[in-house]
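Chains as they are written, first to last, in our numbering: chain B, 1 to 271; chain E, 272 to 590.
Everything labelled a hint here was simulated from the structure, so no lab data went into it. Take the hints with a grain of salt, since some may be wrong.
Taking CB as the label site, the calculated pair distances span [as the list claims (entries may be wrong)]:
{"id": "1", "chain 1": "B", "residue 1": "ALA126", "chain 2": "E", "residue 2": "ASP377", "range": "58 to 68 Å"}
{"id": "2", "chain 1": "B", "residue 1": "ALA111", "chain 2": "E", "residue 2": "GLU497", "range": "49 to 59 Å"}
{"id": "3", "chain 1": "E", "residue 1": "ASP392", "chain 2": "B", "residue 2": "PHE97", "range": "24 to 34 Å"}
{"id": "4", "chain 1": "E", "residue 1": "ARG275", "chain 2": "B", "residue 2": "GLY83", "range": "41 to 51 Å"}
{"id": "5", "chain 1": "E", "residue 1": "VAL578", "chain 2": "B", "residue 2": "ALA75", "range": "40 to 50 Å"}
{"id": "6", "chain 1": "B", "residue 1": "ILE174", "chain 2": "E", "residue 2": "GLY426", "range": "37 to 47 Å"}
Covered stretches of chain E, going by a simulated chain B footprint (3 or more residues, C-beta under 8 Å) [unchecked claim]:
{"id": "7", "region": "278 to 288"}
{"id": "8", "region": "336 to 346"}
{"id": "9", "region": "434 to 447"}
{"id": "10", "region": "487 to 499"}
{"id": "11", "region": "523 to 529"}
Derived, one-sided and incomplete: chain E residues facing chain B with beta-carbon distance under 8 Å [stated by the list, open to error]:
{"id": "12", "residue": "ARG275"}
{"id": "13", "residue": "TYR372"}
{"id": "14", "residue": "ASP381"}
Positions of the beta carbon are idealized from the N, C-alpha and C atoms, including for glycine.
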Amino acid sequence: MSTEGATTPLEAEAGARPEAAARATAATPCGGDPRAGARTAARPAAATPCGDAGGAVARPRRSTAQRVVDHVVAAVYAVACFGAVLAPALAVRWSVFRSDINGVAGRDVVAASVVVGAGHAAVAWARLRCEERTAARRSHIWIASLNALVVLALSASLLVLVVLGLFPDEHAAIANRGLPVVVLWAGLQLVAVALAEATGRLVFWWLEPHPAPHRACRWGVLPSVRQLAGGLAARLGVRRLAPRLGFRRLMVWRSPAPAPARPPADRTRQL
Amino acid sequence: MNRREFLAAGLGVAGTAAAGFTLARGVWPVLAEEDLVPGEAPDVRLRPQAWETTDERVSFAAIGDNGSGGRQAMAVAERMAETYRSRPFGLVALLGDICYYGNFADRYHDVFRRPMTPLIDAGVQFELAIGNHDAELHHSDEGLAQIEAELRLLGTPGRYYRTTHGPADFFYLDSSTPGVFGDAASDQLEWLDDELASSTNQWKIVALHHPPYSSGHHGSTPGFDEVLEPILTRHHVDLVLAGHDHDYERTHPIDGITYVVSGGGCKTTPVGHSDFTAVADSTLQFLHVDIVGDRLVGTSIRPDGSVVDTFTLRAREGR
């Protein structure tokens, strides 16, 4: 393939020579200014988790309005995450407030949720900003974030309800031993945050296009379920099913070495 | 939009709808209504036997639905102990549901012993009218075993019984469905009829879990007006104490009987107003009652010490 005298999209180059693409993008790791790197009009071929220098990050220059929208959306999402973590504590605090109990009852769990929620909001904001720099399509960010927010809202409230409601003896025993209940509360919310973060990153990774198996076979690029099923079918001797289940692609995936280059065509014979 | 995007977006949208419905209708209201966060037991030391009970005088407290062992239950229990300091009482009438979220035998220390330790150490006596959360509604073998465990742990003589303290006779009933409407219900109702007829004390007080009159979440118990109320009216009962609805309510006298719901022992539910309602408030509280001669003064007290309601009853003429 000759590139002389023509504008070659980065994705084409990355497709042809993955090691070159990796070198090209290593200079602009995620978190830096993507505009500093080489820019073309093409969408990136693949996005990788932030910090992975192997991802192609070139994307068209965004307008000021788009950047403002990205900032605002990331901030709104962070606030939504904060609210999802804080909601169960506010519900508990509301019962105490409505019950006319003086003193600090309920404020400790609110304080714990504020700390956990603020921390998670910062992490979520940073994740979103990072994904905005690497995503092949903006919709992938929003879809992944929506899924993460659903998991966060459900787990932050349900975990508390299930653990406090179904295991009263255990947490009463904890309280009896003098361990503040707020530690249990914060621990549950941290679990919820971890679940949400894992969901967001997994869904985003799943939605993003991955390099074809024969072009890149680095850690983190796994065969699909269909390919694994094909391999299994082949091992079990179900040869009819194997090709339909992607066995041949799996075989390619398992041998990432590039195919030997074809000898140049004999131009004289063609002429 | 490719297949993955469609699937993930669909899951996200469906999840948002499901999560919003589940949280708004199920989870957050439960967290706001229940008393799930464990509380610290009241650290109060009381002077033992500080009350005075004579033929003319008795003081007692009544509390229902206090079996969570949570912060709100502890706050009410602490207020009871503080009230004992200034207005000592020798009896607590438990109006049922003394154990939520588990078996009473397992949770005895968490839901009863720890919050009531100051009063127990002061020698205060506890008498229980069993509630629907203390056993299953229809008295399965497991439910009956739990009732028996409760009665044994609290030293209560049976599912329904009568006690006398000073000038007042107390009649504790099993107001569950089998207790009032089941095959063996006639035993309890005949017993109540006989005991009320034989009572010659100045005050007749009936304690049960399900309220004959209520404007709260559960409302008035259906069927009580046909089965129970004629007996209470015939024998000129003065005061009926109940729980079940997590609020405080007092009715205007109905056929001479004042009905009080004192079910704010650890959680609250909304309460409305009916024709028979004199006072209604959705709040944590317990009821303190002083009987001196022919006058009964009841005071409903919140955990912060403020008063929800105070009422005075006069003994019926001829007693």
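We went through each hint and held it up to the structure:
no. : hint                            : result
1   : B/ALA126 - E/ASP377: 58 to 68 Å : 46 Å, violated
2   : B/ALA111 - E/GLU497: 49 to 59 Å : 53 Å, holds
3   : E/ASP392 - B/PHE97: 24 to 34 Å  : 32 Å, holds
4   : E/ARG275 - B/GLY83: 41 to 51 Å  : 29 Å, violated
5   : E/VAL578 - B/ALA75: 40 to 50 Å  : 48 Å, holds
6   : B/ILE174 - E/GLY426: 37 to 47 Å : 30 Å, violated
7   : 278 to 288                      : holds (count 7)
8   : 336 to 346                      : holds (count 4)
9   : 434 to 447                      : violated (count 0)
10  : 487 to 499                      : violated (count 0)
11  : 523 to 529                      : violated (count 0)
12  : ARG275                          : 6 Å, holds
13  : TYR372                          : 4 Å, holds
14  : ASP381                          : 4 Å, holds
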